[in-house]
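J.: The primary structure of each chain is shown beneath.
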Amino acid sequence: MSSGKHWLDEPQNVKRLWRGFLVLLAVVLAAEFLITLHPHFEVERFPVFYATFGFLACAAMIGAAKAIGVLLKRPDTYYRADDE
Amino acid sequence: MSSALASHPGLALIVGALVLPFLRGKARQAAVLVIPVVALWLLWQLPMGTVWQAEWLGYQLEPIQVDRLSRLFATIFTLMAFGGGLFALGQSSRIELPAAFVYAGSAVGVTLAGDLITVFVFWELMAVGSTLVIWSAGTRASYAASLRYLMIHLLGGAVLFTGVAGHLVATGSADFVAMRPDSVAHWMILLGFLVNAGAPPLSAWLPDAYPEASWSGTVFLSAFTTKTAVYVLLRGFPGTELLIWVGLFMAFYGIVYAVLENDMRRILAYSIVSSVGLMIVGIGIGTEMSLNGVAALAFTHIIYKALLLMSAGAVLQATGRRNCSDLGGLFRTMPLTAACGSIGALTSLSFPFTAGFTSKPMITTAAADGHLFIVWLLFGAASAGVILHAGGTFPWFVFFQKDSGLRPPEAPASMRWAMILFAFLCLAVGVWPQPLYRMLPYPVHFEAYTAVHVVTQLQLLLFSGLAFFLMLGFLKRTATVTLDVDWLWRVLLPALARRADALLAAVRRQVTSLLAGGVARLGVVIDRERRPYGMLVRTYPTASMALWVMAMLLGYLVLYALQR
Chain A
1 MSSGKHWLDE PQNVKRLWRG FLVLLAVVLA AEFLITLHPH FEVERFPVFY ATFGFLACAA
61 MIGAAKAIGV LLKRPDTYYR ADDE
Chain B
1001 MSSALASHPG LALIVGALVL PFLRGKARQA AVLVIPVVAL WLLWQLPMGT VWQAEWLGYQ
1061 LEPIQVDRLS RLFATIFTLM AFGGGLFALG QSSRIELPAA FVYAGSAVGV TLAGDLITVF
1121 VFWELMAVGS TLVIWSAGTR ASYAASLRYL MIHLLGGAVL FTGVAGHLVA TGSADFVAMR
1181 PDSVAHWMIL LGFLVNAGAP PLSAWLPDAY PEASWSGTVF LSAFTTKTAV YVLLRGFPGT
1241 ELLIWVGLFM AFYGIVYAVL ENDMRRILAY SIVSSVGLMI VGIGIGTEMS LNGVAALAFT
1301 HIIYKALLLM SAGAVLQATG RRNCSDLGGL FRTMPLTAAC GSIGALTSLS FPFTAGFTSK
1361 PMITTAAADG HLFIVWLLFG AASAGVILHA GGTFPWFVFF QKDSGLRPPE APASMRWAMI
1421 LFAFLCLAVG VWPQPLYRML PYPVHFEAYT AVHVVTQLQL LLFSGLAFFL MLGFLKRTAT
1481 VTLDVDWLWR VLLPALARRA DALLAAVRRQ VTSLLAGGVA RLGVVIDRER RPYGMLVRTY
1541 PTASMALWVM AMLLGYLVLY ALQR
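Chains A and B are the protein sequences, given in the same order. Here the first sequence stands for residues 1 to 84, numbered as in the numbering used here. Here the second sequence stands for residues 1001 to 1564, numbered as in the numbering used here.
Misleading hints may appear alongside valid ones.
Said to hold, decoys possible - Under the rule of at most 27 Å between Cα atoms (straight-line distance), these lysine-lysine pairs were calculated in the DSSO-like manner:
hint, chain 1, residue 1, chain 2, residue 2
1, B, Lys1402, B, Lys1476
2, B, Lys1476, A, Lys15
3, A, Lys15, A, Lys5
4, B, Lys1402, A, Lys73
5, A, Lys66, B, Lys1026
6, B, Lys1026, A, Lys5
7, B, Lys1026, A, Lys15
8, A, Lys73, B, Lys1476
9, A, Lys73, B, Lys1026
10, A, Lys15, B, Lys1402
What the hints assert, rightly or not - Label-pair restraints from in silico Cβ distances:
hint, chain 1, residue 1, chain 2, residue 2, range
11, A, Val23, B, Gly1239, 43 to 51 Å
12, B, Arg1028, A, Phe41, 54 to 62 Å
13, B, Leu1023, A, Trp7, 40 to 48 Å
14, B, Leu1496, A, Leu71, 17 to 25 Å
15, A, Phe41, B, Arg1068, 42 to 50 Å
None of these hints come from the bench; they were simulated from the model. Beta carbons: idealized from backbone N, C-alpha and C, even for Gly.
For reference, chain A alone in the conformation it holds in the complex (with noise of 0.2 Å):
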């Protein structure tokens, strides 16, 4: 275990599970016209409502954070001081 090559080091094994990520991404994007949705709200009328809002939600935070580390963000010797 500890010596030699991981499955995973292969590119070829990551280029797999890449793959088998989207197929599942795509499953259950269709699994949405299979079945009946009861939407509480308009916006879940939308088609694949669920993804685009998570995948948009997560973009927006990551921005959000991004822009907010710009302004407080320090090199982690900051506190030093006054820890030792």
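Starting from the known structure of chain A, arrange chain B on it as the hints suggest.
T.: Only chain B this time, still in chain A's reference frame:
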């Protein structure tokens, strides 16, 4: 009363904690595992209702009052003491485990308390126990962090006590019942509770202090303080609308800071704030479905967050590194830790077949049932955002990512078994939630595994996962810290204090030199006047004295005449 004392599961943990320091070797290990089991057994022997009453200063105290809600929280707290104790068996600090058991026992004490005075007593004991847990890590950083932590919690305790005192005076009763923030006293109680929940504006105590504890200490810390706060808010302030907005703020604050953080356990600490925020949203919604969801989420959150912090603790202990930028690729030599950490991550995401899927969506459903569109939407966004802290960032950067070249050995047996136990619970409650549902405070009208739930949840999670992997470049960890409100009391206030000190010193110097100059000049005058012919030692002629006496007598005569 004495039988009630002996049957209190929280006191059993605390007494057990006091016995632990006298034990060594196998006896100590056995005691660490037996004490929480005894406490759990005692808990389930207690009948429903008020078990123990006492009177103090004219107030009716109910140190043990059992209902479904208090029993649920006390159950998970004792379970947590067991799992944490098992994980920490190899901990060399002799203070940490006893402190953690005092901490766990007082958390149980808060949940069983039927009156506010008992709540307060155990509340403060919890602050002491948890401070000792942080302090027992034994580093300078942990000492400094434990002092900052203690200051915040003593402040929160003082605010809570003021509120409790006001409530006692106003109502004449110490009963812990549901309240509204309608008076100064109730506001103080609410604020005191919120401090421990990690709510703004003092939220930074949590990510500041928790990651400074030892590899096992943080596991205990993750469970008790914030979840006890969730419990008292559930009991004390259900349906308080303000809590919805406080909770949403916490949820996004946790996500944003976790995205910027490098320390793996600090990422998980911000993740705690985010998850507790979602629970507080549920308390604010306040319907039976919602409160059930909060109770279930608190129960499962303790399990999966402890599991995540166990895997982080195992990595820290094996590698001595805490920053994501120094870690990666550990799945090669720590496969079990990586697998358990990943199960914890999936549970935090509320992935189907994990405990997260059978608990958190109850709150979503409650928001939808109440037609709270904005709340529902933001709750969904924060749920998707879990991928950016506990659900994706943590396992990816610690166990996968690049090959850091580290080849640490797998964790020792006691740590492995603790992780296996909690990973099993994550999956068991996910597949078979009925036992948990039977313990919830209200009857459960919720079906987790409907086609709609599974498909919509998978869409939300898998596509937030897609966003995570596509934007990995933006998520790269940097060797930085991000300023939080603790900057106020670590940098700004000390700087102001130093400035004020310098100012005072300058004023003192000015005043001193002014006075000293005046005194010196006076000295010169006195010195001069006491020399020969000076004013003080001069001799006066007898004639002038006789003249002055005559003038005085004349003046007396004039005054006498005027008075007539």
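J.: Within a Cα-Cα threshold of 27 Å, do B:Lys1402 and B:Lys1476 meet the stated pairing?
T.: Holds - the C-alpha atoms of B:Lys1476 and B:Lys1402 are around 11 Å apart, at most 27 Å.
J.: Between A:Lys15 and A:Lys5, is the straight-line Cα distance small enough, at 27 Å or below?
T.: Holds - the C-alpha atoms of A:Lys5 and A:Lys15 are around 16 Å apart, at most 27 Å.
J.: Taking the beta carbons of A:Val23 and B:Gly1239, is their distance inside 43 to 51 Å?
T.: Hint holds: Cβ distance 45 Å, inside 43 to 51 Å.
J.: Sort out whether A:Lys5 lies within 27 Å of B:Lys1026, counting only the CA atoms.
T.: violated, 40 Å
J.: Could you grab the alpha-carbon distance between B:Lys1476 and A:Lys15 and see if it respects the 27 Å cut-off?
T.: holds, 21 Å
J.: Using the beta carbons of A:Phe41 and B:Arg1068, state whether their distance is inside 42 to 50 Å or not.
T.: Hint violated: Cβ distance 32 Å, outside 42 to 50 Å.
J.: Could you see if the CB distance from B:Leu1496 to A:Leu71 stays within 17 to 25 Å?
T.: Because 21 Å falls inside the window, the suggested range holds.
J.: Please verify whether B:Lys1026 and A:Lys15 have alpha carbons no more than 27 Å apart.
T.: This hinted pair is violated, its Cα atoms lying about 50 Å apart.
J.: Between A:Lys73 and B:Lys1476, does the CA-CA distance stay at or below 27 Å?
T.: The given pair, whose Cα atoms are some 14 Å apart, holds under the 27 Å limit.
J.: Between A:Lys66 and B:Lys1026, is the straight-line Cα distance small enough, at 27 Å or below?
T.: Answer violated: A:Lys66 to B:Lys1026 is near 51 Å, above 27 Å.
J.: Tell me if the beta carbons of B:Leu1023 and A:Trp7 are separated by a distance inside 40 to 48 Å.
T.: holds, 46 Å
J.: Take a look at whether the Cβ-Cβ distance between B:Arg1028 and A:Phe41 falls inside 54 to 62 Å.
T.: At roughly 56 Å between Cβ atoms, A:Phe41 and B:Arg1028 fall inside 54 to 62 Å, so the hint holds.
Checked against the numbered hints above, the structure violates hints 5, 6, 7, 9 and 15; every other hint is satisfied.
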